[in-house]
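Q: Chains as they are written, first to last, in my numbering: chain A, 751 to 1142; chain B, 751 to 1142.
Keep in mind that the hints were calculated from the coordinates and are not lab data. Bear in mind the structure is a predicted one, so any value in this text is a computation, not a measurement. Some hints here could point you the wrong way.
Since copy identity is lost for identical chains, a pair holds within one copy or between any two.
Unchecked claim - Pairs of lysine to any residue residues, derived as SDA-like cross-links and limited to a Cα-Cα distance of at most 25 Å, are as follows: (1) K854 / D772; (2) K855 / S989; (3) K799 / P1053; (4) K854 / A1077; (5) K977 / C1058; (6) K799 / R1064; (7) K799 / A1077; (8) K854 / D775; (9) K916 / E948; (10) K799 / Q1065; (11) K799 / L871; (12) K799 / R1116; (13) K799 / Y1061; (14) K977 / E862; (15) K799 / Q846.
Protein chains: 2
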Amino acid sequence: MPIRFTLETTDAQARAGSLSTDHGDVPTPVFMPVGTQAAVKAATPGVLKDVDATIVLANAYHLFLRPGIDTIEEAGRLHRFMNWDRAILTDSGGYQVFSLADLKKASGDGIEFRSHIDGSLHFFTPETVIDAEVRLGADIIMSFDYCPPYPCTRTQAEEAVALTGKWAARGAAVYGTRIERNGYEQALFGIVQGSVHEDLRRRSALELLEIGFPGYALGGLSVGEEKAQMLDIVEFTASLLPGDKPRYLMGVGTPLDLVESVARGVDMFDCVLPTRNARNGTVFTSSGKLVIRNAAYARDFSPLDPQCRCYTCRQYSRAYLRHLFMAGEILGPVLATHHSLHFYCRLMRDARGAVLSGSFFDWKKRFIDCYTSGEPDVPGASNRARENKEER
Amino acid sequence: MPIRFTLETTDAQARAGSLSTDHGDVPTPVFMPVGTQAAVKAATPGVLKDVDATIVLANAYHLFLRPGIDTIEEAGRLHRFMNWDRAILTDSGGYQVFSLADLKKASGDGIEFRSHIDGSLHFFTPETVIDAEVRLGADIIMSFDYCPPYPCTRTQAEEAVALTGKWAARGAAVYGTRIERNGYEQALFGIVQGSVHEDLRRRSALELLEIGFPGYALGGLSVGEEKAQMLDIVEFTASLLPGDKPRYLMGVGTPLDLVESVARGVDMFDCVLPTRNARNGTVFTSSGKLVIRNAAYARDFSPLDPQCRCYTCRQYSRAYLRHLFMAGEILGPVLATHHSLHFYCRLMRDARGAVLSGSFFDWKKRFIDCYTSGEPDVPGASNRARENKEER
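Isolated chain A (complex conformation) (with noise of 0.2 Å):
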């Protein structure tokens, strides 16, 4: 079955739509929980499950290196391996080797680097990374692009965009941007890089556009800039690509993040936040980030965020969390990852929700509104309240 998005409806730029794939339907705008190494941390698929997430994120460089591509395509490809039957994405890692690989050299041809693990020497052409991404198997594979560092020169920036074209390009040649290898479809993603500067984001989507992808990507934002230049940047990348294509803003970001870029014209996210941060014991709640640790849930038998339906909002207590964390047990950060992915996943659906009714705009400040105020009864409110203004 051809992997299919259908937008459903509109509300000034926010959009929601369906992405079909032959693991199951994925609504937009949807959150991806992050599962690098094949494994959503702290998270079975059982709780993936729990908090309705519809499709994972895995990334082709961590898992070239380690298990390999070969086990994993003998273990009857990614689904299969970590035990998930609903959709996945793989993102190439042309990211990772810039940010974590020891870098060697780095060509027209392609990328020559060290394994961050063992310091193995590697070569990854756009061609060797689409047919890892193939053979790994999931439903929706990126392009390898180059992601410069930022800040960066325009001349770095100019030259990003023309080696992620170039690639793109070599990537869609090797099977097409539609394969049919594994008896289902794998839709291949392009990559929007250009860093902060519209002209270079308008010659980098041309290019994508040119060659024609089932979908399009936001790279290289959240990188360092500033907020409301990386909502800029969002919303004018977003009016280039085809209302028709789904759109995926690649490792953003904050609830509030999310939400102004679903309000750009933004369908998809993924970002390591909620998972991360919960396993370092700060959940996100509806009225701002908490720290569980903060000795003013001691003796807090109320739950995370008390209009959350999740299983750890509605079996435990903050007290409760708090000592697993100080106690050093795993099931904190078990329990806390369980809440902040229905978070995520959950204000994802109610954002869709909200479009479908003609309301984003509304829900969108009502949430904007109580996610930064705070609650005022709850100890430690006024400090979230600022945090959350800072992170803004």
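Model the placement of chain B on the given structure of chain A, informed by the hints.
A: Here is chain B on its own, set in the frame of chain A:
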């Protein structure tokens, strides 16, 4: 409802029974997963129910220090605090005071010690410990005992027996041995000490029998003595205890220890082995221990234990589990713990079934033959077989 033990049948000294509590029935022989700090490490209550655990342990010493008895009582006691509606047993923490804390002064009255967490100074008496356990609210609470080190002099062992007997009587004098202060009955169990000396074990047992407890534990075993000697003491001590009361062997042990101890008349067990080993990447299987990181499993797509029907074995391969451990993913300990708890709980269910059908000793021989022989068709089996033999 009073806590009631029913001895259903015996097969030589092996017993099948049932312990009824207001938080459900506990069929015996039973393995009790260890939740020292009010959490079974890396296992949610959902996992514990999935492996059909009917009772879990917690530790009063640990909970007294963190988060404090007041906090748990205010939370609605232990069952509610940790979201576990089945039976709970609390160890008094006698063993932990002597093994973990910085001991300042032991006397007939009690023990002064410094917390292993923050060095704070505390004084435990048999009365304060029982009061703490009653407030924690477990269904079964343990007397405050004195567990001598091993090896120890005969004089030390005699002193431990004397102190344990005196403290058991003082503990029982506080609220009696069947306590009705929380709206359900809590049963106080006595603990037999006496190191490896039969006459001291007899003296200790007789002192406790005179007080009259609804259950008896065998303490101070598996602390360094030879396995054969441990099993002799288990058999001897069990023979001194009344047939109509449950017998609990504290802190023991390997799958073989459990099976051999059931053969000698023990009904209840707890041990950190399955959970601790699982977190470190070693699981128990029907053909012995399996070290998940073993390179032989890198492309082994069979389950951890082909004879196991647990969630982990139904859904995941050895190759995936190995990948999780090599990659440092929390999901590795979570899935390995799920398996090993299932293995221990099923082992005791199988033992019970065998006693009920009068075939315990046949079953025991088959189990041990398989457990110690390793699987001939599995990589690393010969190593595991050797390792298991050494373990005895």
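Q: Is it within, between, both, or neither for K855 and S989, if the alpha carbons may be no more than 25 Å apart?
A: Result: close neither inside a copy nor across copies, 35 Å intra and 75 Å inter.
Q: Give the relationship of K799 and R1064 under a CA distance limit of 25 Å: within one copy only, between copies only, both, or neither.
A: both (17 Å within a copy, 18 Å between copies)
Q: Classify it for me, K977 with C1058: is the Cα-Cα distance of at most 25 Å met within a copy, between copies, both or neither?
A: So K977 and C1058 fail the 25 Å test inside a copy (27 Å) and across (52 Å) alike.
Q: How do K799 and Q1065 come out at 25 Å by Cα distance, when the copy is not named: within, between, both, or neither?
A: both (18 Å within a copy, 15 Å between copies)
Q: Reference check for the pair K799 and P1053, CA-CA at most 25 Å: within, between, both, or neither?
A: Answer is both: 21 Å inside a copy and 23 Å across each meet the 25 Å cutoff.
Q: Cα distance capped at 25 Å. Does K977 pair with E862 within a copy, between copies, both, or neither?
A: Classified as neither; 33 Å inside a copy, 57 Å across copies.
Q: My question is about K854 and D772: at a cut-off of 25 Å on alpha-carbon distance, are they close within one copy, between copies, both, or neither?
A: neither (39 Å within a copy, 66 Å between copies)
Q: Could you figure out if K799 and Y1061 sit no more than 25 Å apart (CA to CA) within one copy, between two copies, both or neither?
A: Both: 12 Å inside a chain and 15 Å across chains, each within 25 Å.
Q: State whether the alpha carbon distance between K854 and D775 is at most 25 Å within one copy, between copies, both, or neither.
A: Neither: 41 Å inside a chain and 64 Å across chains, both beyond 25 Å.
Q: As a check of your reading, is K799 near L871 (CA-CA no more than 25 Å) within one copy, between copies, both or neither?
A: neither (38 Å within a copy, 47 Å between copies)
Q: State whether the alpha carbon distance between K799 and Q846 is at most 25 Å within one copy, between copies, both, or neither.
A: Result: close neither inside a copy nor across copies, 28 Å intra and 40 Å inter.
Q: Checking an output row: K916 and E948, CA cutoff 25 Å. Within, between, both or neither?
A: within (19 Å within a copy, 83 Å between copies)
Figure legend: structure checked against the earlier numbered hints; hints not met, in rising order: 1, 2, 5, 8, 11, 12, 14, 15.
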